[in-house]
Amino acid sequence: MMIRRRILLATAGGTLAATALPRKPLAETLAPLSEGLEPVSPPQDPPPDAVFVAQDGSTHHLSEFKGRGMVVNMWATWCAPCVAEMPSLQVLSKELAPHDIAVLPLSSDRGGADAVRAWYHAHDITALPVLLDPKGALSRAFNARGIPTTVIIDKAGKVVARLEGAADWGTPEAQALIQKLTAG
Numbered sequence: 001m002m003i004r005r006r007i008l009l010a011t012a013g014g015t016l017a018a019t020a021l022p023r024k025p026l027a028e029t030l031a032p033l034s035e036g037l038e039p040v041s042p043p044q045d046p047p048p049d050a051v052f053v054a055q056d057g058s059t060h061h062l063s064e065f066k067g068r069g070m071v072v073n074m075w076a077t078w079c080a081p082c083v084a085e086m087p088s089l090q091v092l093s094k095e096l097a098p099h100d101i102a103v104l105p106l107s108s109d110r111g112g113a114d115a116v117r118a119w120y121h122a123h124d125i126t127a128l129p130v131l132l133d134p135k136g137a138l139s140r141a142f143n144a145r146g147i148p149t150t151v152i153i154d155k156a157g158k159v160v161a162r163l164e165g166a167a168d169w170g171t172p173e174a175q176a177l178i179q180k181l182t183a184g
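Per my numbering, residue 1 is the first one in the sequence shown, and the count goes up by one each step.
Hints should not be assumed to be uniformly reliable.
[Stated by the list, open to error] Once the Cα atoms are required to be at most 20 Å apart in a straight line, the calculated DMTMM-like pairs of lysine to aspartate or glutamate come out as:
{"#": "1", "residue 1": "135", "residue 2": "56"}
{"#": "2", "residue 1": "158", "residue 2": "64"}
{"#": "3", "residue 1": "94", "residue 2": "124"}
{"#": "4", "residue 1": "180", "residue 2": "35"}
{"#": "5", "residue 1": "158", "residue 2": "56"}
{"#": "6", "residue 1": "66", "residue 2": "49"}
{"#": "7", "residue 1": "66", "residue 2": "100"}
{"#": "8", "residue 1": "135", "residue 2": "114"}
{"#": "9", "residue 1": "155", "residue 2": "56"}
{"#": "10", "residue 1": "66", "residue 2": "173"}
{"#": "11", "residue 1": "135", "residue 2": "109"}
{"#": "12", "residue 1": "94", "residue 2": "173"}
{"#": "13", "residue 1": "180", "residue 2": "49"}
{"#": "14", "residue 1": "180", "residue 2": "45"}
{"#": "15", "residue 1": "158", "residue 2": "49"}
{"#": "16", "residue 1": "155", "residue 2": "45"}
{"#": "17", "residue 1": "135", "residue 2": "49"}
{"#": "18", "residue 1": "155", "residue 2": "100"}
{"#": "19", "residue 1": "180", "residue 2": "100"}
{"#": "20", "residue 1": "66", "residue 2": "45"}
{"#": "21", "residue 1": "155", "residue 2": "35"}
{"#": "22", "residue 1": "155", "residue 2": "64"}
{"#": "23", "residue 1": "158", "residue 2": "100"}
In short, the hints are calculated from the structure, not lab data.
Can you make the complete structure from the sequences, with help from the hints?
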């Protein structure tokens with residue numbers, strides 16, 4: 001009896017899925033950065049300094065980047081909005097690297113560096129480092145209510161803005177806004 005019910009539910013689900021309206025790819029639905037970015041007032045000084053991990057297993061702190069602007073993005077490979085914004089974060093990283101602004105994508109994937117490397121490879125992400133927040137220490141320290149959450153830190157080491165949700169980071173307007181915010 002239970003097996004028949006599962007088959008019926010599975011079949012009905014397949015029928016519903018087949019008749020659902022097609023959806024836009026998520027990357028096309030990203031909001032402009034200016035719509036969701038919220039200033040932190042007054043700026044938070046200093047930012048939390050919990051440990052994050054590089055792909056080689058070495059541990060790091062945000063304080064190691066003091067003097068540089070930072071875009072700290074908390075994400076995961078299984079998070080659809082995170083996946084949608086990663087290509088635009090890569091564009092941001094490439095454009096802002098000459099301005100001494102680091103884009104730090106901190107993955108909370110349980111599969112660790114291998115999962116992130118495989119995902120980067122599958123999605124042609126070549127300009128972002130593999131960084132991990134395996135126990136969610138920085139996410140908790142920044143009071144992230146979900147992912148993606150992005151925090152902007154200026155060159156003076158102060159948290160100046162944050163965004164909960166996905167955005168299009170790859171536009172010239174977004175790049176100019178991040179440069180202005182991180183000038184410190």
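Below or equal to 20 Å on CA atoms is what counts here, so check residue 66 against residue 100.
At roughly 11 Å apart (the allowed maximum being 20 Å), residue 100 and residue 66 satisfy the hint.
Are the Cα positions of residue 158 and residue 64 separated by 20 Å at most?
holds, 14 Å
Regarding the pair residue 155 and residue 64, is the alpha-carbon distance no greater than 20 Å?
At roughly 12 Å apart (the allowed maximum being 20 Å), residue 64 and residue 155 satisfy the hint.
Tell me if the straight-line CA distance from residue 180 to residue 35 falls inside 20 Å.
holds, 16 Å
Proposed proximity, residue 49 with residue 158 (alpha carbon, max 20 Å)
Satisfied, since the Cα-Cα distance of roughly 12 Å is no more than 20 Å.
Would you mind confirming whether the straight-line C-alpha gap from residue 158 to residue 56 stays at or under 20 Å?
Violated. Residue 158 to residue 56 sits at ~28 Å, over the 20 Å cutoff.
Can you confirm whether the C-alpha distance between residue 155 and residue 56 stays at or below 20 Å?
violated, 26 Å
Just to be careful, I want the Cα atoms of residue 180 and residue 49 compared with a cutoff of 20 Å; is the pair within it?
violated, 23 Å
Keeping to a limit of 20 Å between CA atoms, is the pair of residue 66 and residue 173 held or broken?
Given pair residue 66, residue 173 is violated - Cα atoms ~25 Å apart, limit 20 Å.
Between residue 135 and residue 114, does the CA-CA distance stay at or below 20 Å?
Given pair residue 135, residue 114 holds - Cα atoms ~16 Å apart, limit 20 Å.
Hint consistency between residue 180 and residue 100 [alpha-carbon to alpha-carbon, up to 20 Å]:
holds, 13 Å
Compare the distance between the alpha carbons of residue 180 and residue 45 with 20 Å, and conclude whether the hinted pair is satisfied.
Measuring from Cα to Cα gives roughly 18 Å; hence the hint holds.
Checked against the numbered hints listed earlier, the structure breaks hints 5, 9, 10, 13, 21; every other hint is satisfied.
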